[in-house]
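Asks: These are the residues of each chain, in order.
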Amino acid sequence: MLTMEQVQSAVRRMGDLPTLPNTLSEFNRVASDPNRGVHDLVEIITRDPALSSKVLRIVNSAFLGLQEPVSSLRFALVIMGTRHIRQLVTGVCVMSMFPVRSGRPSFDRHRFWEHCSGTGTIARTLAQQVFPNRFEGEEFTAGLLHDVGKIVLDQYFHDNFAEAFAVSREKNIPLVEAERSTMGVTHTEVGRWVAESWNLPPDLTEAIEWHHQPLRAQRNPVLVALVHVGDLLAKAKDIGFSGDRSMISLTDDEGWKILEREQPRIGDLDLVRMTHELDTDIERAREFMKLSL
Amino acid sequence: MANNGEMSLSSFHHLRDFIYERSGLFFENNKKYLLEDRLRGRLSARGFGTLDEYVFFLRYDPAGADEVTLLLDSVTTGETFFYRDPGQMKALEGAILPDLLNRYGVSRGLRLLSAGCSTGEEPYTLAIMLRDVLGSAFSSWFVRIMGIDISRAAVQKAQEACYNDYAIHSVAPGVLNRYFPRQPIGYVLDPRIKSMVEFQVCNILDSVRMAGMKPLQLILCRNVLIYFSEEARRKVVADFYDMLEPGGYLMLGFSESLHNINRLFKVMHFPGAIFYKKE
Chain G
15 MLTMEQVQSA VRRMGDLPTL PNTLSEFNRV ASDPNRGVHD LVEIITRDPA LSSKVLRIVN
75 SAFLGLQEPV SSLRFALVIM GTRHIRQLVT GVCVMSMFPV RSGRPSFDRH RFWEHCSGTG
135 TIARTLAQQV FPNRFEGEEF TAGLLHDVGK IVLDQYFHDN FAEAFAVSRE KNIPLVEAER
195 STMGVTHTEV GRWVAESWNL PPDLTEAIEW HHQPLRAQRN PVLVALVHVG DLLAKAKDIG
255 FSGDRSMISL TDDEGWKILE REQPRIGDLD LVRMTHELDT DIERAREFMK LSL
Chain S
36 MANNGEMSLS SFHHLRDFIY ERSGLFFENN KKYLLEDRLR GRLSARGFGT LDEYVFFLRY
96 DPAGADEVTL LLDSVTTGET FFYRDPGQMK ALEGAILPDL LNRYGVSRGL RLLSAGCSTG
156 EEPYTLAIML RDVLGSAFSS WFVRIMGIDI SRAAVQKAQE ACYNDYAIHS VAPGVLNRYF
216 PRQPIGYVLD PRIKSMVEFQ VCNILDSVRM AGMKPLQLIL CRNVLIYFSE EARRKVVADF
276 YDMLEPGGYL MLGFSESLHN INRLFKVMHF PGAIFYKKE
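These protein sequence lines map, in sequence, to chains G and S. In terms of the numbering used here, the first sequence opens at residue 15 and continues consecutively. In terms of the numbering used here, the second sequence opens at residue 36 and continues consecutively.
Same shape as in the complex, but just chain G (with noise of 0.2 Å):
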């Protein structure tokens, strides 16, 4: 059994979390100063080209399907604004921190990270639909990295992270519950510490830290609520993992009535219609997902 301090320590030893490019620290600190402007942050950017290439081309994909072309990296930020360009390098960042190697019979990273893509979309869709104009990218990152505890586990602990995730496989219970009965820490544990490790925004620590206990959350509820929903409906679409095979009814959810709860105009959803048109979502993560890996 382990307990966080003992992650921690072993990570240590086995040579410390990857750190999150220079670049990405860079940009958030030169985005979060008022007298450095976009001209700054292109430079920053385009310091890395490999970076620089894969935002670019995922602006001008069908993920965003933006009308126009975007030709440069300026005019991307000027377009969509540095919020959103900072969630999407964010995002491009980690994923290129873990590589893919698939192979490893209980956890493949290529669909994991086929899942957290699609989670990510749907939560974009969801906000996009019930709170229109309120979030810019977060509830993507946020939903592209709800289970970064998970690949830390994989890569750090991976004969007890596998025997957890075949326990919650052959009872059918929920992975944080096998997790706590054979590990003692939980991804969403090891993934608050390594968001807090690489200073992630605390919104972004929140949902990666209760994306399954939605009514745990005290900073954001509603980006936690979109990312549990994305989550849960990523699942029902069978994008990327498999997870567990159970029935559920949104309605009856937690994170489905904290989003109800704000804007109750949620309940007049069509909820078929909505899980269909899903299948463009779908697309769209895969297409992330193939530009930023």
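Simulated from the structure, these hints should not be mistaken for lab results. Hints may contain errors.
Unchecked claim - Selected chain S positions facing chain G (Cβ under 8 Å, derived; list incomplete):
| no. | residue |
| --- | --- |
| 1 | 129 |
| 2 | 130 |
| 3 | 218 |
| 4 | 300 |
| 5 | 302 |
| 6 | 303 |
| 7 | 306 |
Claimed, not checked - Ranges between beta-carbon positions, derived for each pair:
| no. | chain 1 | residue 1 | chain 2 | residue 2 | range |
| --- | --- | --- | --- | --- | --- |
| 8 | G | 148 | S | 48 | 23 to 31 Å |
| 9 | S | 122 | G | 284 | 16 to 24 Å |
| 10 | G | 297 | S | 97 | 37 to 45 Å |
| 11 | G | 54 | S | 133 | 55 to 63 Å |
| 12 | G | 297 | S | 188 | 36 to 44 Å |
Note that beta-carbon positions come from the ideal geometry of N, C-alpha and C, so glycine has one too.
Following the hints, complete the assembly by docking chain S onto the known chain G.
Replies: Relative to the frame of chain G, chain S by itself:
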């Protein structure tokens, strides 16, 4: 429609919305190709040159009502067969039936209805599933499966329970070997399965006869309601709600929605399928 047979996204959306309004059948964007394909056939059958003419005919011409039926016929994958729609089959085997078997484990009785059973593939599929899931416990359960259809000819064929290659093409080899011995006339369904299903010629609009089938724990009515008017659909679904016990399930066609018809049923999600539950 352009000469290459493609329609614009906005034309597709107009037509899609019209069909949804009329039948509850929803086509997402990635099914545009399917609609285009079938439309070509309908346009040519009716002698229309453009999509606009066809849609005008559909919407406003008195003869358009018949055409809607024919269009729906052509977009819903034709005939019935065993284990049709893998997503729904997995939901039945993986979630719905286990839940029912669990809840009724004491009384050990289940009543299921296949509404619009055609030549029997659907109710017989349920029968096989139940038999397999229950295994040796089967003999201590009382399972009654009813299949109803408005077509006498279809019901007769269902009672014969003899099928061709197409009907069994989705059946797993193990199941096929166990329950469908091959004979010169075709695949003849095992009598133990055949005896689990009772067929009747019946119109689902006949509320009185439908009420006689109460109580039920599961109703399957796939790609049938789409042919009904909104009013008729409301009536039938209200009857379904009434016929089901609390906790009972209703499953429609994969792309069918009850949204504009009935808000009492709870929408349930399962990977690859959506269905309804009575609270």
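Asks: Next, verify each hint and record whether it holds.
Replies: So, going through the hints one by one against the coordinates:
| no. | hint | verdict |
| --- | --- | --- |
| 1 | 129 | holds, 6 Å |
| 2 | 130 | holds, 4 Å |
| 3 | 218 | violated, 37 Å |
| 4 | 300 | violated, 11 Å |
| 5 | 302 | holds, 5 Å |
| 6 | 303 | holds, 5 Å |
| 7 | 306 | holds, 4 Å |
| 8 | G:148 - S:48: 23 to 31 Å | holds, 26 Å |
| 9 | S:122 - G:284: 16 to 24 Å | holds, 19 Å |
| 10 | G:297 - S:97: 37 to 45 Å | holds, 40 Å |
| 11 | G:54 - S:133: 55 to 63 Å | holds, 59 Å |
| 12 | G:297 - S:188: 36 to 44 Å | holds, 43 Å |
Against the hints set out earlier in the document, violations occur for numbers 3, 4.
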